[in-house]
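Enquirer: Given next are the chains, with one letter for each unit.
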Amino acid sequence: MTAARPRRPRSRETLPDYLLSEQQLEDMYYYMLLSRRLSERMMALQRQGRAAFVIAGAGQEAAQVGAAMALKKGTDYLAPYYRDLGMNLVYGMDAREAMLNLLGKRDDPNSFGRQMPSHWGNAARRVVTQSSVVATQLLHAAGIGLAAKLSNDPIVVLTCCGEGSTSRGDFHEALNFASIHRLPVIFYIQNNGFAITERTEKEMAVENVADRARAYNMQSAVVDGMDCVAVYQTVRPAVDQARRGGGPFLIEAKCYRLWPHSSDDDDTRYRPRKELEEWAKKDPLVLFRARVETDGIFPREDLDEIEARVEEEVRDAVQWALMQPDPAPEDALGYVYKEL
Amino acid sequence: MAEMTVIEAIRTTLDEEMGRDSRIFILGEDVEAGGVFRATEGLVAKYPGRVIDSPLAESSIIGVAIGAAHYGLRPVAEIQFADFIHAAFDHLCSEASRWSYRTRGDACLPMVVRTPWGGGVHGGQHHSQSIEAYYTHLPGIKVVAPSFPADYRSLLKAALADLNPVLFLEHKRTYRLIRQDVANAPAETVIGRARIARKGTDLTIYAYGLMLHESLAAAAALASEGIEATVVDLLTLQPLDVETILESARATGKALIVHEDTLTGGFGGELAALIAEHAFEHLDAPIRRLCAPDIPAMPYHPNMEHFFMPDREKIAAAARDLAAY
Ligand SMILES: Cc1ncc(C[n+]2csc(CCOP(=O)(O)OP(=O)(O)O)c2C)c(N)n1
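As given, the protein sequences belong to chains A and B, one line each in that order. Position 275, counted from 1, in the first sequence is what my numbering calls 275; the numbers after and before it change by one each time, with no gaps. Position 23, counted from 1, in the second sequence is what my numbering calls 23; the numbers after and before it change by one each time, with no gaps.
Keep in mind that the hints are not guaranteed to be accurate.
Said to hold, decoys possible - Calculated pairs, DSBU-like style, for lysine-lysine (alpha carbon to alpha carbon, straight line, at most 35 Å):
1. Lys157(B) x Lys202(A)
2. Lys73(A) x Lys282(A)
3. Lys157(B) x Lys46(B)
4. Lys149(A) x Lys282(A)
5. Lys157(B) x Lys199(B)
6. Lys202(A) x Lys282(A)
7. Lys314(B) x Lys199(B)
8. Lys46(B) x Lys202(A)
9. Lys73(A) x Lys149(A)
10. Lys338(A) x Lys314(B)
11. Lys274(A) x Lys157(B)
12. Lys105(A) x Lys314(B)
13. Lys274(A) x Lys73(A)
14. Lys274(A) x Lys202(A)
15. Lys72(A) x Lys149(A)
Since the hints were made in silico from the structure, they are not lab data.
Using the sequences and the hints given, assemble the complete structure.
Expert: Written out as structure tokens, the structure reads:
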């Protein structure tokens, strides 16, 4: 047992190399770690037969947390995709809610057991409800951007999908529309190298998704999606510019899917073990921890303390969520139409 | 041939037919790795260049298949889940279904669209859907929905030999659930014919896909109570085997139509209308439909999923009511 050590208060001053404060860096690590640890527990619950299905964002935590932190939480809209647990955590979801969602519990505000897990949505938080049909949300984001522009509201919409999903017409139509009207939309593509079993070469003949922006006269950037700080530093100016009326922006975060596509997938049939081991060295959590430790931002004990806090939140969330009520069979009915 | 599952029936048939006819090729998401349900496993190695991973875009898959079929090849388009076919609806509705009609047969589209449909797999709103009602409303497209492995084999062969677009619906819950000794089982070789899967005198149950199996289970349970049901395996939904459907309705005087899709606008409405129009004098009871409730899609949580889906108990209860009428 180590005695509880009084922790040095976090500074809110911006660190020049990071463009982030100590407090923000701590938050970054916390959200990334929480996302990963929650996902690990979800997979374990699935293997125990307590959850039917898991789809997670392991390897994409930096890409998600860094981007979401560049938004004005509660003001800017988020139209995420199924891997975006990390973004939702930044936007106000806690560990308990994440577990409610996994288990399809009655009180999960995302969809009350009506949708599969990881189909996010929370109107109060400005997280747009999503289906499984990939890339549809990009057009919805354009619509929100259009409405905001028509309403003279200084808000930004950030919408996400994987690189595979950019093969769909919806992606191209959304870019076209948003660019014509110079809408405040950030198209945030998380390129994790896979669309289930298909590599990027099967999805597109260009090297980067970002290359496609030129065809729509849209600004774009490619960022190392394994580096949370770099992600923030790239997304933040794009968000600020869009808010000032500078138009849409396409950002491609290059990351890597460290896990199988979902709990239903066996990636050993299409991914060599060696490749995975190489990428595991670039695990965004490992990279982040190493950097802030080396730079002397936080002593190791502080990082361990965050880790312990996260473990405790996850443990509590599982225990709590398992005891929450399931939807009754008849809960399938109702709200087909919104009533006055 | 030994016992095989539905998924094995599909895989072996694709394999055999690709071996026989070099015009056949497969296009779809993840098909080179075998597909998410492994229907195409091993085929890329055996038929290099003829199993093609498509970009993640359903309208591309079906639109491109149309072009290739027009050219004279025999594309098999795989849509990973039926729920995702809607982006290609335009190609099926406005193009494929009218290709022969608008050219008076000068051009045609010998293509098959295979897709897993149906619920009971905790797939929630977008991995459980019944899509037949949209596509049976498109004359020019044939819609096939087998239930047993032997029929999957024979009807997939028939679909591959057909000169028209065939939507080949595969109930995903049955992929590994249903086995059959295909060598010794009846196999329908003609698209457009139904089969009497079980003969009884008290009522007729009409079904397809997973619900056919649930109906047979219900009929077996009812038999022990002295209620004898005929069960009609519809096999093809467009064009319909009107004769078999009506004959059985006339013979038993009572019709129970079962499907997983929601009630209003569901395919059961068409069956009910047919029977009411042409077998009215023979009916001893109102036609009964047992379908999912009118909510937009199958909910995820198992409690609500069970509530949504008809099953053998619900079918038996409805049949008992009808028999007692
Ligand atoms: C329109 C549509 N087609 C197919 C699917 C099935 N599906 C789910 S995820 C996925 C791959 C998506 O790949 P990508 O966009 O790269 O995102 P990733 O899963 O790699 O994060 C597919 C094909 C779907 N959900 N929606």
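Enquirer: Each of the hints needs a verdict: does it hold here or not?
Expert: Results for each hint:
1. A threshold of 35 Å between alpha carbons decides the hint, and for Lys157(B) with Lys202(A) the separation of about 29 Å falls inside it, so the pair holds.
2. Restraint check: the Cα-Cα separation between Lys73(A) and Lys282(A) comes to about 28 Å, which is no more than 35 Å; the hinted pair holds.
3. Restraint check for Lys157(B) and Lys46(B): the C-alpha separation of about 19 Å stays at or below 35 Å, so the hint holds.
4. For the given pair, Lys149(A) sits about 40 Å from Lys282(A) by alpha-carbon distance, which is inconsistent with the 35 Å threshold.
5. A C-alpha spacing of about 27 Å is found between Lys157(B) and Lys199(B), which places the hinted pair at or below 35 Å, so the restraint holds.
6. Proposed proximity of Lys202(A) and Lys282(A) is supported: the alpha carbons are some 24 Å apart, at most 35 Å.
7. Taking the CA atoms of Lys314(B) and Lys199(B), the gap is near 20 Å; set against the 35 Å cutoff, the hint holds.
8. Taking the CA atoms of Lys46(B) and Lys202(A), the gap is near 20 Å; set against the 35 Å cutoff, the hint holds.
9. A hinted pair counts as satisfied when its Cα atoms are at most 35 Å apart, and Lys73(A) with Lys149(A) qualifies at roughly 19 Å.
10. As the CA atoms of Lys338(A) and Lys314(B) are separated by approximately 29 Å, the hinted pair is consistent with the 35 Å bound.
11. A C-alpha spacing of about 41 Å is found between Lys274(A) and Lys157(B), which places the hinted pair above 35 Å, so the restraint is violated.
12. Between the alpha carbons of Lys105(A) and Lys314(B) the distance comes to roughly 25 Å, so the proposed pair stays at or under 35 Å and holds.
13. At most 35 Å may separate the alpha-carbon atoms for a hinted pair to count; Lys274(A) and Lys73(A) exceed this at roughly 39 Å.
14. Taking the CA atoms of Lys274(A) and Lys202(A), the gap is about 21 Å. The hint holds against a cut of 35 Å.
15. A hinted pair counts as satisfied when its Cα atoms are at most 35 Å apart, and Lys72(A) with Lys149(A) qualifies at roughly 17 Å.
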